[in-house]
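Peer 1: The primary structure of each chain is shown beneath.
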Amino acid sequence: MVTEGAHPPKVIVTKIGFDGHDRGSRLVAAFLRDAGMEVIYTPPWQEVATVVKLAIEEDAEVIGISSLATDHLLVPRLMNALRDAGVKDVQVIVGGIVPARDEKLLLEAGVARVFHPGTSLEEIAHEIRNLAMRARAMREKETP
Amino acid sequence: MNKPDSAKLFESELEQAEQRWQDSYDASAGAEKDSVNRSGIEIKPLYTPQDRAGKDFFSEIGFPGEYPNTRGIYASMHRGRSWTQRQLIGWGVPEDYNARLKDILAHGGTALSLIPCNSVYRGYDADEVPPELLGTCGVVVNSIEDMDIALADVPLDRISCALNDPSPFTLLALLLAVAKRRAIPWSKITGTSNQSDYLSHSVANHMFFRLALPGARRVITDHIEFANESLPGWNPLSVVGQHTQQAGATPAEAMGFTLAAALQYAEDCIARGMDPDRFLPRFTFFFDISISFFEEIAKFRAGRRLWARYARERLGAKDPKSWRFKFHGQTSGVDLTRQQPLNNIARVTVQAMAGIFGGLQSLHTDGYDEAVSVPTAEAARIAIATQNILREESQLTDVIDPLGGSYYVETLTDQMEQQIEAVIARIDAAGGMYKAVEKGLVQQMIGESAMAHQSKIESGAQTVVGVNAFRIEEDPYEYRSQPYPDPASIAAQSARLTAFKKNRSNAATSHALDDLARAAQGTENIMAHTVAAADAGATHGEICAVLRRELGFGQPLAVV
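Same order as they appear, the protein sequences are chains D and H.
Take 18 as the starting number for the first sequence in this note's numbering and just add one per residue.
Take -17 as the starting number for the second sequence in this note's numbering and just add one per residue.
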C-alpha cells in the first residue's frame, strides 16, 4: 500500500498556450498549498517543453493544466512530449472550459481527469491526492 | 438652523414608525438572517428617510449631465439615446470575420468590434504558433492584407470601430494603413482601443502583448499622445475593471483599482506635458456586471461620481466633458454555470438590467453557453435578443436613473463610494497603481477576494443554482459547442502570410522596422513608426518582436 508518507503530493499548476485568464489556476494552487501539498505554480503561457522540463526537474507527481480559451487543444502535444521524454508516471489533469467532445479526446490522449466549471476545490484536492498516490505506486513498481 | 414645526413633527413620527416596524420585524420569521454584499457591506432589511438624513441633494445626487454626474453623464441618458449594442466578435480567418461583420451590419448594427486570435495577444503571427489554436477564440489578423480582407466593403469613415487591441496597438496601425490605402482621412476614423489598460492586464486576464512594465507604460502614453494629435475621433484608452472583477476582485475593489489606474494614466500624461482637458474626454472605462444587482448599480453610480470629482479636483480638468465617466459593460461570465446552461439567459438578463440602471453607454451580453465552449451562433443571437427585449419591450428606459432617490440605492451608493475610496487610499499609500501592480499588492488582493467568494460557494453561503443547489442529472453532450475553424482554411491563412511576406518589398519593411527600433531606443513617440511599419508591410509579429527586443518582455508576477 502506497501512502503519502514523508512527503505530500507534489503538483505543478500551470497554463500552456496563449490564454492568460488565471483565476482558476491561482485559486486551485492556493487551495492545494493550504491543504498541505507541495505546489509548483507558474504564470500563464508556458511552452509545452517548459512544462515537461519542470516536471522532470521537480519530480512532480501531478500536472494540472488550467484552460479557459481552447488551450486544452494543446494538451495532446503535452502528453506526447512527456512520453517522448520518458515521463510515464506523472498524472495529468485538466480543469476549465472543455467542451464534452474534447474531454473524450483528452482522456484518449492519456489525461487522467478533466474538471469542469462548478467543481469544488475539495473534490479537486481529493482527486489529486489519489492521482499522486497512483504516480508514486507506478514509480515504486519501476524502481524496486 | 431652526426647523419648521412640521418638519420636526415628521421626524418624530418617522422615528416612532420605524421603531414600530423594527419591533414587528424582529418578531418575524427570518429576522435573524444577515445579508452582506460581495463588497462586504452589510445590507439592512429596510431603508427609510432616516438613512438619508443630513444628505445634500445637489452635491450628492443632482441632475443627469450635471456635476457630479451621479445620475448619468448626459442630460437625456437612455431616454434620448440608447446604449450601443456592442457584441464582441472574432473567429477563424479574415474572410470568416468579414462575413460575420456584414451579417451584423445588415441587421442594424452600427459599430464593429474585433477580437483577435489569442496568438495575436501573445505577439505572434500565424506562422509562429501551433496551428490547432489559430482562430479558435478570435480572428487571425497579422498583416495589412488580413485587415483589408477583414474589413472589405465596410465603410470605415462611417462606422465606429472597437478593436480589442491592448498593446502595442498594431491592429489600430493596420486599420490606419488600410484607411490610407482606401484614401480615407484619419480624421474620419472613430472608435476605441478596447482594453488598452496594461495595468489591469498585468494583474488579471493577461490578454495583451506583454512588455515589461516600464515599456508598457511608455507605449500607452505614446498611444494616447498620438491619438490626441492625429486621431480626433479615437478613444485610445479603455481603463478596465472587468479584468480584475472577473479574476476575483469585489465590485468595490474592481472600481477602486480602475479609478486608481485611470489616475495613474492621467498623471503619466500630465507628466508628459499633456493638458487634461485634451486627453480626459477620450478616456473610456470598461466594467464587469455581476449578478449582485443593486451592488452593481451602486458601484456604477458611485464610480461615476468619484471620477467626476477626481477629474475636476485631483487632475484639475475644467471642461465638463473631461469629467464624464463613459463606460462599456459586459455581463459577468464568472457568474454563469456549465450546469443547466439555459439558466444563464436569466442571469445575463439580470446582469444587463443592472448595467442599464447603472447608466452604461454600451453593452455586451454574454452567450448562455460561455461555460460550455466559445459561444455558439445560437447563443450569440439570444444574447442580442436579450438586449433588444430589454430596450424595446420592457419600458426600462423611460425614466432616467429610475432608482435614483431610492433610500436603499442612494445609501448603498454612498457606502460603495466609501469602500472604493478606501481601496484607492490603499493604492495611493503603495505609491499609486503602477507601484502597487509592480509590488504584487493588487494581485494579492484579487487572490484573497477570489478565495473568499469561492469559499462562500463551497460552504453554501452563496447559492449557485445548478451548482450547489437545485441540481439535476444532465448529459453534457446535450449542449452543442462552437466548432473550431476548418484546418484547411487555417493552413491557407498561413500560406497567405508566407506569400505576403514574399511579395512585399522586404527592403522597405526592414527599413520601417529599423526606424521603429530606433524610436523605441530613444524617447520619440513610437506610434507613428508602428503605423508606418504596418503600412510598409511589417506584420504584427514582426512589430512585436522589435518591441520585445527593445523594451523587454514582461513575465507576470507569480502571486499565489
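A couple of the hints might just be wrong.
Unchecked claim - With beta-carbon atoms standing in for the labels, derived distance ranges:
id, chain 1, residue 1, chain 2, residue 2, range
1, H, Asp33, D, Asp51, 33 to 43 Å
2, D, Gly127, H, Ile252, 22 to 32 Å
3, H, Ala11, D, Val104, 53 to 63 Å
If you are wondering where the hints come from, they were derived from the structure by calculation, not from laboratory data.
For glycine and all other residues, C-beta sits at the position ideal for the given N, C-alpha and C.
Peer 1: Now tell me if each hint is right for this structure.
Peer 2: Quick rundown of the hints versus the structure:
A beta carbon spacing of about 40 Å between aspartate 33 (chain H) and aspartate 51 (chain D) agrees with the range 33 to 43 Å that was offered as a hint. About 56 Å separates the C-beta atoms of glycine 127 (chain D) and isoleucine 252 (chain H), a value inconsistent with the hinted range of 22 to 32 Å. Roughly 60 Å separates the CB atoms of alanine 11 (chain H) and valine 104 (chain D), a value that falls within the hinted 53 to 63 Å.
The structure fails to meet hint 2 from the earlier list, while all remaining hints are met.
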